[in-house]
Amino acid sequence: MEIFQLEYITLITGGLLVLTGLWGIISQKNLIRMVIGFSLFDTGLHVIMISIGYIRNGTAPILDKAVDKVNAAGQIVDPLPQALVLTAIVIGLGVTALMLAYVVRLHKEKGSLNITNFKDLKW
Amino acid sequence: MIKKLIYILVLVGAGIIMAQLFAGFSGSTELSETARYYVESGPEETGAANLVTAVIVTYRGLDTLGEVTILFTVAAIIAFFMKTREQRDKPKRRVSEILTTGARILVPGTMLFGAYIFINGHLSPGGGFQGGAIIASGFALMLLAFPQANLSHKTIRWVESISGFSFVIIGVLGIFMAGGFLDNSILPLGNFGSLFSAGAIPIIYIFIGLKVGAELSNVVGHMHEKQKEI
Amino acid sequence: MNMTWIALIIGLIMLIMAFAAIYAKKLAVAIIAAGVVSLLASILYLTLAAPDVAMTEAAIGSGLSTIIFFYAINKIRKQSHD
Amino acid sequence: METIEIIGALITLAGSIFLVLGSLGLVRMPDLYTRIQAGTKASTLGTILTLFGLGLIHLDWMGKLIILILFVLLTNPISSHILARSAHYIKTPVSKLTKVDKLKDKETEKTSEANHTNPEDEL
Chain R
1017 MEIFQLEYIT LITGGLLVLT GLWGIISQKN LIRMVIGFSL FDTGLHVIMI
1067 SIGYIRNGTA PILDKAVDKV NAAGQIVDPL PQALVLTAIV IGLGVTALML
1117 AYVVRLHKEK GSLNITNFKD LKW
Chain X
13 MIKKLIYILV LVGAGIIMAQ LFAGFSGSTE LSETARYYVE SGPEETGAAN
63 LVTAVIVTYR GLDTLGEVTI LFTVAAIIAF FMKTREQRDK PKRRVSEILT
113 TGARILVPGT MLFGAYIFIN GHLSPGGGFQ GGAIIASGFA LMLLAFPQAN
163 LSHKTIRWVE SISGFSFVII GVLGIFMAGG FLDNSILPLG NFGSLFSAGA
213 IPIIYIFIGL KVGAELSNVV GHMHEKQKEI
Chain Y
384 MNMTWIALII GLIMLIMAFA AIYAKKLAVA IIAAGVVSLL ASILYLTLAA
434 PDVAMTEAAI GSGLSTIIFF YAINKIRKQS HD
Chain S
2 METIEIIGAL ITLAGSIFLV LGSLGLVRMP DLYTRIQAGT KASTLGTILT
52 LFGLGLIHLD WMGKLIILIL FVLLTNPISS HILARSAHYI KTPVSKLTKV
102 DKLKDKETEK TSEANHTNPE DEL
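Protein chains in written order, with my numbering: chain R, 1017 to 1139; chain X, 13 to 242; chain Y, 384 to 465; chain S, 2 to 124.
These are computed hints drawn from the structure, not numbers from a lab.
Some hints could be false.
What the hints assert, rightly or not - Straight-line Cα separation of at most 27 angstroms, DSSO-like style, residue types lysine-lysine; simulated pairs:
1) R/Lys1124 - Y/Lys461
2) R/Lys1081 - R/Lys1138
3) Y/Lys409 - X/Lys15
4) R/Lys1135 - R/Lys1124
5) Y/Lys409 - X/Lys16
6) S/Lys65 - S/Lys97
7) R/Lys1081 - Y/Lys409
8) Y/Lys409 - Y/Lys461
9) Y/Lys409 - S/Lys65
Quick caveat, the model's predicted, so the values are computed rather than measured.
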């Protein structure tokens, strides 16, 4: 069966995670739950990117006794998406921490976490 | 009610777009052209056994520099928002003695493990970001075990500034002594697969690890609120 | 073939945990569920032959991120008591 | 298949049996404290036995696995101790079968002492 492969399953999982995170962002009223939705969205995107870089039956992109220099190109998976995702995860943590700092600050100003109470910029 | 309908419509739209994108995907069985170049000429040019490290530190080194800058900005903004104020209300319960004793053993071990990970970044899985995150985790454990600890933001700032500065200096040295910015062949490449190999990659990764660790520790330390001594 | 089944099971648990992270009544449970999603994602990366990414996700996504979330809700709780 | 590998496999099997028993205790026990106790004790022993058995099968991994065993031995009891203590602090209900609560006795004792102001007893 064509669809029952590792990369397809992880790709679909990542896509559903992205949709779940999006649903959390747009439907929840609590600010912290929206931040959680953002982090789920992040995780889903990372899973999608890694599964796009997967080569069927490939091994990790690290050369050692099992994988030598000469015929490495036929054995290992794509190292480029992995490097991108590695930086993306760290930046994701920074963005999450920044959002949480804003949430704490907003709560200090208004005394509430409900998004409908913040109407200062609404016209 | 109508709001919920709009939400569901947005979600269905996003799902349709995503399904369209996924429909063209068929599992790849061989590397793309860029990846093939990295895999075939990476070990000779950089001398790193871990190809992800080679891509991060040398081929895409500028991205890493920008990423570290983003982290620095994030840490600065959080420090601006979360000015630690001395706690006014009554002190909490005493921290369990088992935790403080365990933390005295575990915190140095965790920091050492982080250092091990970013020193061996060019040989085994791991590197500056992972090691920095592990160092910050050890820092968080220390803050949990000793809530009234007087951590010096000054030291963290110095470590961060010096390592960031050295990172850029090594990058600029690459322009003069080798092929370009962040070229790692300013030092001899050495034996493939040994600890002292891969040119400047281990040194750059040590600086990245120290910088990321200092920045994440700064974030954790600013989110933590200092408590009065019991 | 074995890896495929493992990925299928882990993906199902991840989706359940993601729904728990959005719909759990208590905020602490939601944060823990989000951390579990990250931890399972790191196992998924390991099956996809990406050990570097798996280490990063395990250290950052399920470690530091959860701690920062808890610090934030601790601060918010203190502010609402004042 | 050498003898030492068979011994290692048997030890790993014993470890996995302990892990299964630990998860059974998690379902079976009445309240939070007994669940923490069952889970921690069984899973610590199970993890240690599993890692040690693996070390017997692959003798060259033994050094790293012993460091891992030490790490598990340090962290697992401490973390569950902190969990149980925090649960006691926020007054998680105990099961009806529980007769003794030493931590509560100690805390009430301490507060009554503090009311009677006896500075010599601080140590």
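Now for the hints, and whether the structure bears them out:
1. R/Lys1124 - Y/Lys461: 10 angstroms, holds
2. R/Lys1081 - R/Lys1138: The given pair, whose Cα atoms are some 63 angstroms apart, is violated under the 27 angstroms limit.
3. Y/Lys409 - X/Lys15: 25 angstroms, holds
4. R/Lys1135 - R/Lys1124: 16 angstroms, holds
5. Y/Lys409 - X/Lys16: 23 angstroms, holds
6. S/Lys65 - S/Lys97: 44 angstroms, violated
7. R/Lys1081 - Y/Lys409: 50 angstroms, violated
8. Y/Lys409 - Y/Lys461: 17 angstroms, holds
9. Y/Lys409 - S/Lys65: The hint is violated at about 40 angstroms.
Hint check: violations occur at hints 2, 6, 7, 9; the rest are consistent with the structure.
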